[in-house]
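Chemist: Residue numbers (the working numbering), protein chains in the order written: chain A, 6 to 396; chain B, -18 to 334.
Read the hints as simulated data drawn from the structure, not as lab findings.
Some hints here could point you the wrong way.
Under the rule of at most 25 Å between Cα atoms (straight-line distance), these lysine-lysine pairs were calculated in the BS3-like manner [stated by the list, open to error]:
1) B:Lys(-4) / A:Lys383
2) B:Lys122 / B:Lys106
3) A:Lys382 / B:Lys90
4) B:Lys90 / A:Lys383
5) A:Lys355 / B:Lys90
6) A:Lys89 / A:Lys49
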Amino acid sequence: MPRVYFDNAATTPINGVALQAFVDQARELGNPSSLHGYGREVRKNVEEAREKIAGLVGCEASEVIFTGSGTEANNLAIKGIFWKRRSENQMRRVIIISAFEHHAILDPVHWLAEAEDAEVIEVPVTSDGFINMEFLKSAIENRGDEIALISVIHANNEVGTIQPIAEIVNLAENHQIPVHTDSIQSFGKIPVSFSELGLFAMTISAHKIGGPVGVGALILKRGVDVTPLLHGGGQERDIRSGTINAASIVAFASAAQTAIRNREKNALHVASLRDALKETIKADVPDAIFNANTGERLPGILNVRFPNTESDSLLLLFDSEGIACSTGSACSAGVQQPSHVLLAMGLSEKEARSSLRFSIGPENSRSDIDYFHTCIKKVIDRARAAYRSTA
Amino acid sequence: MSGGVDSAVAAARAKEAGHEVIGVHLALSKNPKKYRSGARGCCTIEDSHDARRAADRIGIPFYIWDMSDEFHENVVENFLSEYASGRTPNPCLRCNEKIKFAAVLDRAKAMGFDGVVTGHYAITKESENGKLLFRAVDPLKDQSYVLAVLNREQIQGAYFPLGDTTKEEIRKEAAARGLTVANKPDSHDICFVPSGDNAGWLRDRLGSEPGPIVDESGAKLGEHKGAYTYTIGQRRGLGITVPTPTGEPRYVLRIEPKSNTVVVGEHESLAITRITGERAIWCGLAAPAEKLRGFVQVRAHGDAHPCTYWSVNSQSDLIAELDEPVFGLATGQAMVIYDNDRVVGSATIAGTE
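Bound conformation, chain A alone (with noise of 0.2 Å):
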């Protein structure tokens, strides 16, 4: 049975030179830490790397934080900005944040609500899967001077729709607020430019791009701090601390540098898969609807909401033909949930639950395509009749 990976949103195939980077990296010896030669050397491989990273997302090297993950990047930002802006002004407890970031982004701000008396302002989104302006711009006018930061999704997760961050760094000048972006979707796949979006602070990680899992970064606008997570050995700007994760993050240029390099040629190939997807999908289920489907979004994210069936069900069916895709995020017992994100854009909890996520990478082929053509009338088929016999 042919196999088909259609979930590149929730993790990439590793880029066969960013495996090898990892694999000489991690055979050499040394603690970059160490101020011996088995520690410069390592440290060097580290730094330059760095470098790379720094050169990728538009910032200098000094700004690039690595971290274990991006959801470690997420809180860093969050909580240390947080702790760091209401300590200097107790005055400063909100937090605004769209109403569709992902969960890394969400359940640290609603614990900084819980735990510490933060206060959050979830800006609604558009059906269309876009951040309400509008809304954003009177909270910040009449909240300014209690605003501790702004954090809001460069491009989402589910739906791929991309938000105007650079409108919302403007809005944010005036008051002096630090607006911090979740860029793990977008970086590799659309131009991202930390300088030119005037960003306080921005998250990406690895393993989206081909890079490995355990590595994240948080670029932090040189010379704020934050209040760490972890205290330690700070070996991260003293804001981060932990034993530098040198293969990994070696690995992470490696991939990020393929990412980039390769990026219009990847995000043409990957668009064209897209659209060849939805009209299959069109064809073959002449009733599906696609969420978000206008306005600037990635090439890769097709979500789809196929009515009369249970995303669970076309999940498992499509699985057991070998197609890979994701139906928003599960709890930690694995009980499927409502996308949080599609029912912020308004859909029932009914449409939502009938929703699929489809994400494309540079490695699927217009063969997939037709694969998914052989099977999708036979899946949606059983899940409609799987449908009506809950009904």
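Start from chain A and add chain B according to the hints.
Modeler: Same frame as chain A, but now just chain B:
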């Protein structure tokens, strides 16, 4: 796959028999910690993890199906309303009838599967009338009683690969197959009742309105804190200080929900020779047209009592006349009729004489 040893071995055996098998763990609560946390049960994160690891080991895909709405509506709410009407329900039977071999089976069939395999200890045998249900070979584990709520069509889609083996052998087999759940203890409690405190769980949901405990003449002997926390035949925990004239212990004879009264009396008064059941289900063959000889079982691991049984009211009700009296039968429990080892059918006990 509950995360226990039985369903794990059942899945392994089904796979080995050449079937295309997927593992399904049922999420029976939207919030897995709602009904039960920390302890063993159907609803914990640890159990879904154990089930997943068993599926990995067996080499089958694994999914979690959210049946929490169906479970709440058909099992939990029914459990509460039965208690509120003075009956003593058995939620495991209800779950088999409405969830495992209804919602799950229907969904599986719609997706192209032939049936549902479970780790129940029971046997199905092909006959010219389709599959029929029989007791398992291990009398200590036989679960045909809790499956007797399955109708003919449900039994056709049910597969019980463990019925020919003892529990002890199944544990050995699980260990030999490298299943880490081999030594996991059996679950006994009601899966959605935290800590097994049935009375406390009911009290939180049904309140604890005090009412009289009376004898058969109607004389008040004491007070109770919620009639539904009593079960017919119960002897302990009645809290009555007035001794009986004969010095014999008292038993719960009846629960009268309308007047919120618990009636107690002597053991003799619990004697029952005729049981009437409603909502009769016939497990395979048609309902009997005449009086037949057989056995009736009224508890999950109770004895099978020789009886004569017949159906009434267009086969929707069932009556069993016992050769010898039994004592203390709670309404709401299931009466299951056997023809030797074959399960004939079942009904919910509605009245006793």
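Chemist: Taking the numbered hints from earlier one at a time, note which ones the structure violates and give those numbers from smallest to largest.
Modeler: 6
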